[in-house]
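Going by the working numbering, the final residue of the sequence shown carries number 268, and the count climbs one at a time with no gaps.
Hints are not guaranteed to be accurate.
What the hints assert, rightly or not - FRET-style restraints, in silico, Cβ to Cβ: (1) Ser265 / Gly182: 40 to 46 Å; (2) Ser229 / Arg148: 43 to 49 Å; (3) Asp135 / Ser42: 31 to 37 Å; (4) Pro24 / Ala64: 18 to 24 Å; (5) Ser226 / Asp27: 38 to 44 Å; (6) Ala133 / Ala44: 38 to 44 Å; (7) Val90 / Ser229: 33 to 39 Å; (8) Asp60 / Asn39: 40 to 46 Å; (9) Gly31 / Leu246: 28 to 34 Å; (10) Glu194 / Pro104: 45 to 51 Å; (11) Ser226 / Asp135: 20 to 26 Å.
Said to hold, decoys possible - Each computed DMTMM-like pair below joins lysine to aspartate or glutamate, with the alpha-carbon atoms no more than 20 Å apart: (12) Lys85 / Asp25; (13) Lys130 / Asp252; (14) Lys85 / Asp27; (15) Lys130 / Glu253; (16) Lys130 / Glu183; (17) Lys85 / Glu183; (18) Lys174 / Glu253; (19) Lys174 / Asp252; (20) Lys174 / Asp225; (21) Lys85 / Asp135; (22) Lys140 / Asp207; (23) Lys140 / Asp27; (24) Lys130 / Asp60; (25) Lys85 / Asp60; (26) Lys140 / Glu183; (27) Lys130 / Asp25; (28) Lys174 / Asp207; (29) Lys130 / Asp86; (30) Lys140 / Asp25; (31) Lys130 / Asp35.
Derived from the structure by calculation, the hints contain no laboratory data. These figures come from a predicted structure and were not determined experimentally. Glycine included, every Cβ here is placed at the ideal spot set by N, Cα and C.
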Amino acid sequence: MRLIWLLPLALVGCTLEVVLPDGDLPVGRSVDVALNAASPAGGELRPSAKTYRVQIDRDGAFQVAAVSSHLQQRSRLRLTLKDAQGVVQAQSVARNWFGLPQVALASCCAVAPQGITSDPGYRLNFKARAGDVFYVKVENLAEDRDRVTLSLRSFPPNPSGQGEAFTTGTKQGAIEFLGEFDRYNVSNPPENLYLRFTYTGPLDLVALLYTSPTDSNPVRLDSVVSCAPVSPAVLLVVRDRGLARAGFDEPGSGQYTLALSSSCP
4 MRLIWLLPLA LVGCTLEVVL PDGDLPVGRS VDVALNAASP AGGELRPSAK TYRVQIDRDG
64 AFQVAAVSSH LQQRSRLRLT LKDAQGVVQA QSVARNWFGL PQVALASCCA VAPQGITSDP
124 GYRLNFKARA GDVFYVKVEN LAEDRDRVTL SLRSFPPNPS GQGEAFTTGT KQGAIEFLGE
184 FDRYNVSNPP ENLYLRFTYT GPLDLVALLY TSPTDSNPVR LDSVVSCAPV SPAVLLVVRD
244 RGLARAGFDE PGSGQYTLAL SSSCP
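Let the hints inform the model, and build the full structure from the sequences given.
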């Protein structure tokens, strides 16, 4: 059973939450989690939850996933990642994106059509170093019991956007982490080239063209205004507009396309 102790800290005016997890979730492993139905409390539903300790054994990028084997596509799950101090790092919002709690709100469990493909589950990504400790809480917000496979794996992030030169052709990148900036060197392109930015998904991605490192008013491209001359820009940055959302390297999620062409559509 998981217990939470609330210890008043009068000197600093805050509350320290000490969480005793229900178990450990090693990298490359999974655990089978039985969750009770959410229960009514004060006019709202109180989710059933379990928490697992994550000990990172290597530097890299990691993904936590919760896949329902009982309610399946009727499931209403939520993942929350906290660091060793109990500070929330990310929260799942839907099957194809995640964010910070303040952008989750009531839309936490919207389901995108999955077709005949297998359900990827509710997921979130994070970067960590060997020795880091995190806590993953999985919650059931449905009014029915659920059984969930909770897993943790390492993965190679999309390699685009590490400052490489981009003066011709097409680039495909992805915003896979909260606060991520993808950047490209677009100095000295051929004359009369235009940058086209293509993105369809739940994030609010924007491509920024800077004329210098001190440029405070870059050209902004998004899904509405998606094309502009690349010259005289020297730096191209792609990010979530509010730095509060991220997705996965998949179409309709965090994946975007940049193209340099001779004209705007």
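Contradicted hints - numbers only: 1, 8, 11, 22, 26, 27, 31
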